[in-house]
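Here the protein sequences line up with chains B and X, keeping their order.
Position 87 of the first sequence, counting from 1, maps to 87 under UniProt numbering, and the rest follow consecutively.
Position 142 of the second sequence, counting from 1, maps to 142 under UniProt numbering, and the rest follow consecutively.
Be a bit skeptical, because a hint or two may be false.
Unchecked claim - Stretch by stretch, here's where chain B covers chain X in the computed footprint (C-beta under 8 Å, at least three residues):
1) 85-92
2) 150-161
3) 205-219
Unchecked claim - Label pairs and their calculated CB-CB ranges:
4) B:106 x X:195: 51 to 61 Å
5) B:232 x X:53: 18 to 28 Å
6) B:22 x X:227: 45 to 55 Å
7) B:65 x X:53: 24 to 34 Å
8) B:204 x X:164: 29 to 39 Å
9) B:161 x X:49: 23 to 33 Å
10) X:49 x B:223: 23 to 33 Å
Worth flagging that the hints you see were computed from the coordinates, not collected in a lab.
Quick caveat, the model's predicted, so the values are computed rather than measured.
Every residue gets a Cβ at the ideal spot worked out from N, C-alpha and C, and that includes glycine.
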Amino acid sequence: MGYQDIKYAVSDAVCLLAQDTTPASFAKYCPRYIDGILVTVELLLLSSFIGFFIGALVAVGRVSGGPSVRSLAWAWSYVFRGTPLLVQLWIVYFGLGSLGEEQLGVLWPFFKSGWAVGLAVLTINTSAYIAEILRGGLATLPPGQYEAAVSCGMSRGQAMRRILLPQAIRVAWPAYGNELILLMKGSALVSTITVMDLMGQTRSVFARGYAMETYAYSAVLYLLLALFLTLLLKMVERRLRVGGYP
Amino acid sequence: MFELLSFGDSGWGDDLIIGALLTIRLALASLSLGLLFGLVLAMMKLSRLAPARWLAEAYTLFIRGVPEFLILLMVFFGTEKAVATVGQWLGFETTFEVPKFAAAVAGLSAIFAAYCCEVIRGAYLAVPKGQIEAGLAVGMSRWQIFQRIRVPQLWRFALPGLGNLWLVMLKDTSLAAVLAIDELLRVAKVAGEATRNPLLFLLAAGLLYLIMTAVSDHLRARMEKRLNRGMAR
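In isolation and in its complexed conformation, chain B is listed as follows:
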């Protein structure tokens, strides 16, 4: 049984459970909404996870790299935060994608797939915001922390990984939570590059009957997703509060 089959099984099971308690106009298209949610969650998990690592690298480059690394890290944050996500998606999918198979060669399967382009652009976009948030977190730490770590014999990388970043993450966590919610909302834009996420499914269901309920159901589902994320983030925040730190 492949991954796709598991996803279908999940949406079938959820819809079977929900069919008696939800309105008929929802139950009719239920599997499509649930399929869409699964794609949205999938994109969200992958892009936030990979984006976090890239963001941490960029933040570290910003505060402790050489001049060229610093300006590269600055440009990364500046360009990806200074342009709309939708423009970034379209540049890669419609712009670079228009170069076609001959010019893109082995990269063609990537540019052809809305899902892959969506994932890559969401990841890069969120990494730029995360870098900025972590940089702010690192800036709040007293310089003595780094000096103490180095005088214990840690290398710069070790000091960063063991001492500075963990504290910066604790400081930056609430801001990161906001960014995660914004990423979830931004992920709806991948529907403009043919990805059938929750928004993509919503738009295609809407196109069938122009029923306003379609949007309402979708809004409720996004709200539930946001609520779930908020609770999850609060749980992690509580775990991060250790050793008497507020």
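Guided by the hints, dock chain X onto chain B, whose structure is given.
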């Protein structure tokens, strides 16, 4: 290749600039309406009436959890439906089309207001308690404290947050391209399709957005500096 970006009949440069101007108009219109609405929401949140607070809380919760794209589509198709329904109810056989620009402004300002009310509320509460007590001590009424101590400082405390929200909204105007409003991104898309060179035009649009956000950020920094003159840091 770059002659495609030139001005005049042969190039698309002027069309892109006109699109960018529409983007700015869209953002400015949404800013003014959104500030007004945000102010009302902030007043509701600070109100002593519990239902007013609940209503404002519910509204921000909704906007914060639902994608901007979905909100815009809801406003766009929702108003169209509402107008048609009301028309039918009154016995008109209308084919009235809601102006797209107005629908986009309504949607964008509805989003802006939800975030903006938090900034205004925070700025209102950021006035140090000692100043309020000092006002009371010299015999000011609540209203006098409000208009002489709180309001004059509101702008200074709110500006950094509002600047951020402006940048967010400026970028969100690009969603109007999906509603077929001829703002910058849509002009770039159309030009790219017409000339079979989408990469060039979308990159040009990206660059113009970058310039607009950079200029906005610069202006905000200058305003902040001006507002904080004479303030101990």
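Evaluated hints:
Interface restraint, the stretch 85-92 of chain X with chain B: violated (0 residues with C-beta to C-beta distance below 8 Å; minimum three). Counting residues of the stretch 150-161 of chain X whose C-beta lies closer than 8 Å to any C-beta of chain B gives 0; at least three are required, and the coverage claim is violated. Counting residues of the stretch 205-219 of chain X whose CB lies closer than 8 Å to any CB of chain B gives 6, so the stated coverage by that chain holds, three being the minimum. Evaluation of the 51 to 61 Å hint for residue 106 of chain B and residue 195 of chain X yields a failure: the beta carbon distance comes to about 28 Å.
For the pair residue 232 of chain B and residue 53 of chain X, the supplied restraint of 18 to 28 Å holds, since their beta-carbon distance comes to about 27 Å. The hint said 45 to 55 Å for the Cβ distance between residue 22 of chain B and residue 227 of chain X, and at roughly 52 Å that hint holds. Checked against the hint of 24 to 34 Å, the pair residue 65 of chain B and residue 53 of chain X fails, with Cβ atoms roughly 47 Å apart. Remark: the range hint 29 to 39 Å for residue 204 of chain B to residue 164 of chain X is upheld by a beta-carbon distance near 34 Å.
For residue 161 of chain B paired with residue 49 of chain X, a C-beta distance near 51 Å fails the hint of 23 to 33 Å. Distance hint check: the CB atoms of residue 49 of chain X and residue 223 of chain B are about 25 Å apart, consistent with the given range 23 to 33 Å.
Against the hints set out earlier in the document, violations occur for numbers 1, 2, 4, 7 and 9.
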